[in-house]
Amino acid sequence: DAGITQSPRHKVTETGTPVTLRCHQTENHRYMYWYRQDPGHGLRLIHYSYGVKDTDKGEVSDGYSVSRSKTEDFLLTLESATSSQTSVYFCAIKKGTVPYEQYFGPGTRLTVT
Amino acid sequence: SQQGEEDPQALSIQEGENATMNCSYKTSINNLQWYRQNSGRGLVHLILIRSNEREKHSGRLRVTLDTSKKSSSLLITASRAADTASYFCATDNSGGYQKVTFGIGTKLQVIP
Numbered sequence: 001d002a003g004i005t006q007s008p009r010h011k012v013t014e015t016g017t018p019v020t021l022r023c024h025q026t027e028n029h030r031y032m033y034w035y036r037q038d039p040g041h042g043l044r045l046i047h048y049s050y051g052v053k054d055t056d057k058g059e060v061s062d063g064y065s066v067s068r069s070k071t072e073d074f075l076l077t078l079e080s081a082t083s084s085q086t087s088v089y090f091c092a093i094k095k096g097t098v099p100y101e102q103y104f105g106p107g108t109r110l111t112v113t
Numbered sequence: 114s115q116q117g118e119e120d121p122q123a124l125s126i127q128e129g130e131n132a133t134m135n136c137s138y139k140t141s142i143n144n145l146q147w148y149r150q151n152s153g154r155g156l157v158h159l160i161l162i163r164s165n166e167r168e169k170h171s172g173r174l175r176v177t178l179d180t181s182k183k184s185s186s187l188l189i190t191a192s193r194a195a196d197t198a199s200y201f202c203a204t205d206n207s208g209g210y211q212k213v214t215f216g217i218g219t220k221l222q223v224i225p
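Sequences listed follow chains A and B, in order. For what it's worth, my numbering labels the leading residue of the first sequence as 1, then goes sequentially. For what it's worth, my numbering labels the leading residue of the second sequence as 114, then goes sequentially.
Hints are computed from structural coordinates only; laboratory data are not their basis. Hints may contain errors.
Non-contacting residues of chain A with respect to chain B, defined by C-beta distances greater than 12 Å in every case (computed) [what the hints assert, rightly or not]:
1) Lys-11
2) Ser-67
3) Ser-84
Quick partial rundown of chain B residues pointing at chain A, CB under 8 Å, derived from the structure [as the list claims (entries may be wrong)]:
4) Gln-146
5) Arg-154
6) Leu-156
7) Leu-161
8) Ile-162
9) Lys-212
10) Ile-217
11) Gly-218
All of these numbers come straight from a predicted model, not from anything done at the bench. Virtual Cβ for every residue (Gly too), placed ideally from N, Cα, C.
Modelling step: build the complete structure from the supplied sequences, incorporating the hints.
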């Protein structure tokens, strides 16, 4: 599992509340990614990071922010959760700097009611 | 929009048969990867094929890449019930930060 953990694994929250999801890695890899997975859409990139305090937007970044204050942690924040953000969220890392594969965490199932 | 599109979206076969999944993409790529996802789990990398390669093997997996047609296929030979999963292709055309774009996947069911 490449030493990736996500917390929480499941969360139910109400519309309008802020939510933070955490991704933690134990191997000090530079690249980290947040995806959401929805039926009919596959995985879509939300934000990614290429180092401490270095982040950039992905394909579906509206309504999300991220932070990376240390190598091992990449936080995804939903500033004000909406029902359209109900999804399964996956964190991934990439080992190395050449086009190596990505390693995924176990996912967080988020339900916004 | 998705870069890769898998075909078929669902496939059901008997154990022992071969399974073939296809992926088409729109723009030029650096490499193409295939991932497997078991129900309720994260994705697991299966195989990567670079844009200058035409075929690659890994165990029971065979991947082909045709850059002129912008398509790839994943063949799983002698399928097993444990191969039941969703399979995704992911294309890397980012150059810089190694972003990949995933297709919507093929759901494979292998019937024992």
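Evaluation of the provided hints:
no.: 1; hint: Lys-11; in the structure: 16 Å, holds
no.: 2; hint: Ser-67; in the structure: 17 Å, holds
no.: 3; hint: Ser-84; in the structure: 18 Å, holds
no.: 4; hint: Gln-146; in the structure: 6 Å, holds
no.: 5; hint: Arg-154; in the structure: 7 Å, holds
no.: 6; hint: Leu-156; in the structure: 5 Å, holds
no.: 7; hint: Leu-161; in the structure: 6 Å, holds
no.: 8; hint: Ile-162; in the structure: 11 Å, violated
no.: 9; hint: Lys-212; in the structure: 6 Å, holds
no.: 10; hint: Ile-217; in the structure: 4 Å, holds
no.: 11; hint: Gly-218; in the structure: 6 Å, holds
This entry does not satisfy hint 8, going by the numbered hints stated previously; all others are met.
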